[in-house]
Amino acid sequence: MSTPSARSATTTTTGGNKTSKKHTSSVMLNTYLSTPPAITEQLAFSGPQKRAAKKIVAERRKKAADYISNWEAEWEQKK
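Okay, so the sequence shown: first residue is 2 according to the working numbering, each after it adds one.
For the record, the hints were derived by calculation from the structure and aren't laboratory data.
We put the beta carbon where it would ideally sit given N, CA and C, even for glycine.
Each hint should be verified, as a subset may be incorrect.
Stated by the list, open to error - Quick list of simulated restraints, FRET-style, between CB atoms: (1) Glu77 <-> Pro38: 45 to 53 Å; (2) Trp76 <-> Leu34: 58 to 66 Å; (3) Ile40 <-> Asp67: 27 to 35 Å; (4) Arg52 <-> Glu75: 28 to 36 Å; (5) Leu34 <-> Lys56: 31 to 39 Å; (6) Arg61 <-> Ala39: 21 to 29 Å; (7) Lys80 <-> Pro38: 55 to 63 Å; (8) Phe46 <-> Tyr68: 28 to 36 Å; (9) Arg62 <-> Glu42: 47 to 55 Å; (10) Ser27 <-> Ala59: 43 to 51 Å; (11) Phe46 <-> Trp76: 26 to 34 Å; (12) Lys56 <-> Ser35: 28 to 36 Å; (13) Ser35 <-> Ser70: 28 to 36 Å.
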């Protein structure tokens with residue numbers, strides 16, 4: 002059977018030699034933060050709005066209903 006090996010008597014320490022790194026922001030981040038987003042970016046990243054989505058659905062339903070009623074009227078005229 003194998004036995005666990007004893008730990009080495011020698012140890013190493015870092016002795017507090019940590020180097021402190023200054024965090025610098027990137028150029029792209031600075032550019033983005035200094036200029037406001039364009040309207041296309043606002044639209045792309047704004048996410049769906051509940052009221053706007055409901056309004057779009059209502060408008061599309063109305064367009065579809067108008068189209069169908071116009072089609073029915075034309076169909077009746079052709080008979």
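Do the hints match the structure? See the list:
no., hint, in the structure
1, Glu77 <-> Pro38: 45 to 53 Å, "52 Å, holds"
2, Trp76 <-> Leu34: 58 to 66 Å, "59 Å, holds"
3, Ile40 <-> Asp67: 27 to 35 Å, "30 Å, holds"
4, Arg52 <-> Glu75: 28 to 36 Å, "35 Å, holds"
5, Leu34 <-> Lys56: 31 to 39 Å, "33 Å, holds"
6, Arg61 <-> Ala39: 21 to 29 Å, "27 Å, holds"
7, Lys80 <-> Pro38: 55 to 63 Å, "56 Å, holds"
8, Phe46 <-> Tyr68: 28 to 36 Å, "33 Å, holds"
9, Arg62 <-> Glu42: 47 to 55 Å, "30 Å, violated"
10, Ser27 <-> Ala59: 43 to 51 Å, "44 Å, holds"
11, Phe46 <-> Trp76: 26 to 34 Å, "45 Å, violated"
12, Lys56 <-> Ser35: 28 to 36 Å, "34 Å, holds"
13, Ser35 <-> Ser70: 28 to 36 Å, "53 Å, violated"
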